[in-house]
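From first to last, the protein sequence lines stand for chains F and R. When the letters of the first sequence are read in order and numbered with our numbering, they come out as residues 29 to 342. When the letters of the second sequence are read in order and numbered with our numbering, they come out as residues 13 to 248.
Heads up, a few of these hints could be off.
To be verified - Anything over 12 Å on all C-beta distances counts as not near chain F; from chain R, calculated: (1) F43; (2) V77; (3) F126; (4) Y146; (5) I205; (6) A232.
What the hints assert, rightly or not - A short, non-exhaustive set of chain F residues, derived as facing chain R with CB atoms under 10 Å: (7) H95; (8) I98; (9) V111; (10) L129; (11) K131.
Honestly, the hints are just simulated from the structure, not real lab data. The beta carbon of each residue, even a glycine, is placed where N, CA and C say it ideally should be.
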Amino acid sequence: MIKVEHLAKRYADVYAVNDISFEVEQGEILGLLGPNGAGKTTTMRILTCYMPATSGSATVAGYDVFHNSISVRRQIGYLPENVPLYPEMRVKEYLLFRARLKKVPYRDRKMKIGESIEKCRIKEVENQIIGTLSKGYRQRVGLADTLVHDPKILILDEPTIGLDPNQIRQVRQLVKELGEKHTILLSTHILPEVEMICGRVIIINKGKIVAMDTPSNLATQMKAGSNILLEVKGDGKKIQDALLGIQGVKKVIWQDGGEINNFTVEAEKGMDTREDIFLNVVKNNGIIREMRQAPVTLEEIFHQITTHEQEVTI
Amino acid sequence: MTSIGTIFKREINSYFLSPIAYVVIAVFTVFSGYFFSVMLGITQESTLRYSLAYTQFILSILTPVITMRLLAEESKTGTVEPLMTAPVTDFEVVFGKFLSAWALYNIMIAPTIFYTIFLAWVGSPDYGAIIASYIGLVLMGGLFVSIGLLVSAITKNQIIAAVIGIVALLILLVIGLASTGSEGWFYSTLRYIGTYEHWETFTKGIIDSRDIIYYVSFTALILFVVIRIVESRRWR
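Next up, chain F with everything else stripped away, as it sits in the complex (with noise of 0.2 Å):
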């Protein structure tokens, strides 16, 4: 459904995007995951023919973004950043807006609105002057504007910053649902977000990417290298040697707290040594108490991703 190739954004000296090519495929839903400042919003605008390319080109529904942008534009539901929105119209009104705007037929329009009302659950609020909504309740109005005229492609900026827990799953919910009758990109800097919503990830770093796989082998790759946080009752002297025997093993760090001792333990990369670290604690007589990966971030992510990278460049 979009095809990118060899895109490249240059602004004044520095290049947003740098040379990246994809894919997406007819109902999938797609992550870019990136630091602020990536390049993911460059790429998003341009998708949506916001702004041209410097370089390379992009098709999206079979349209060249620049040659066919009106027609791109049928075919896309766009949720830019922040969402902005007018707020001196009420929801309703400016849903019929939007809806005239994107040349929904006059007989469709009233069900169509309704539809995207109940799918985003601003029912209650249809009425309400947009100025006065919270930002929960505008991030829906915003997704509500992007379905309203029934679009193949969802390309969503960030659609969860800035709400609260509850919000951000329930658009996180919304999400997923929306996935099975659209072609999502969705971009965001939360890790967690696209293991739970999307089907394959794409790491964008500096403008270029750094990864692209489906999430899961994304996580047990990086968690594979992680460090195990472990509460163990007993013996803390002997424990720690017997973690540090374990094959695998790089460092282990030890906080004496008497009775009860917290490890952490570094296992060299593409090691995964929970199963010997529990048999070694049980053979000299620990009771483990807790045993748990410490969540990889982003950061970690990028930090193993570009220093991978490096060793292999020099």
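Fit chain R to the known structure of chain F by using the hints.
Just chain R now, kept in the frame of chain F:
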């Protein structure tokens, strides 16, 4: 083409949902009424000609206030992004906005019809001159609105848009006004570029094709530039 209507409707509604429409209409009515009564008292003639000569100043100040938000606000709040990624052309957006501001301008000057009714009641005005004046007012409004829109397209700040717009319109008025009565190609060029002389012809009751062409082509030129500026987002 239907998008022009959609944009027009939204902009007009938005004018009347904010205080702007009411403020400009009230201010214009107060000042034009004041000039009308004063000039009527001085000249004792049943004509709009003298009072309308002053309204050009008020219009130069009020029209940029009408147009200041049209494009500046969209780029400031970011609503330009959903707008421009909807299947509409830049021309439709610019022209829809232009028409809405022009419509508000015409609504703003509409109450002056009562002065004509008053004149008809107390005297016998030259209706030909009055009709010509109104044609001139409406055409001049188109030019003023397009200039205001141009300024609104180049800045994100509404206040700056209003101030630059007012200055630009006053310059356009003054270069014509100050060079009346002077001879030579320089002054006659200024007179032709300025709005004053063209509009004065209308208030005398003369509908000259040269003046109509001046207003229509000038407005079209400026709108063309505005569309190019809006488009420039795509290649900047």
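Hint by hint, here is what the structure shows:
Non-interface status of R/F43 relative to chain F is upheld: no Cβ of that chain comes within 12 Å, the nearest being about 27 Å off. Even its closest Cβ contact with chain F, about 17 Å, leaves R/V77 beyond 12 Å, as expected for a residue assigned away from the interface. Non-interface call for R/F126 relative to chain F: holds, since the shortest CB-CB distance, roughly 30 Å, exceeds 12 Å. For R/Y146, the non-interface assignment is confirmed: its Cβ lies about 31 Å from the closest Cβ of chain F, beyond the 12 Å cut-off.
With a cut of 12 Å on Cβ distances, R/I205 stays outside the contact zone with chain F, its closest approach being about 36 Å. Every C-beta of chain F lies more than 12 Å from that of R/A232, the closest at about 23 Å, which supports listing it as non-interface. For F/H95, the interface hint is violated, since its Cβ never comes within 10 Å of a Cβ in chain R; the closest pair sits about 13 Å apart. Against a cut-off of 10 Å between C-beta atoms, the interface hint on F/I98 holds, since the closest Cβ of chain R lies about 5 Å away.
Because the closest C-beta pair between F/V111 and chain R is about 9 Å apart, less than 10 Å, the hint holds. For the restraint placing F/L129 at the interface with chain R, the shortest Cβ-Cβ distance is roughly 5 Å, inside the 10 Å limit, so the hint holds. Against a cut-off of 10 Å between C-beta atoms, the interface hint on F/K131 holds, since the closest Cβ of chain R lies about 6 Å away.
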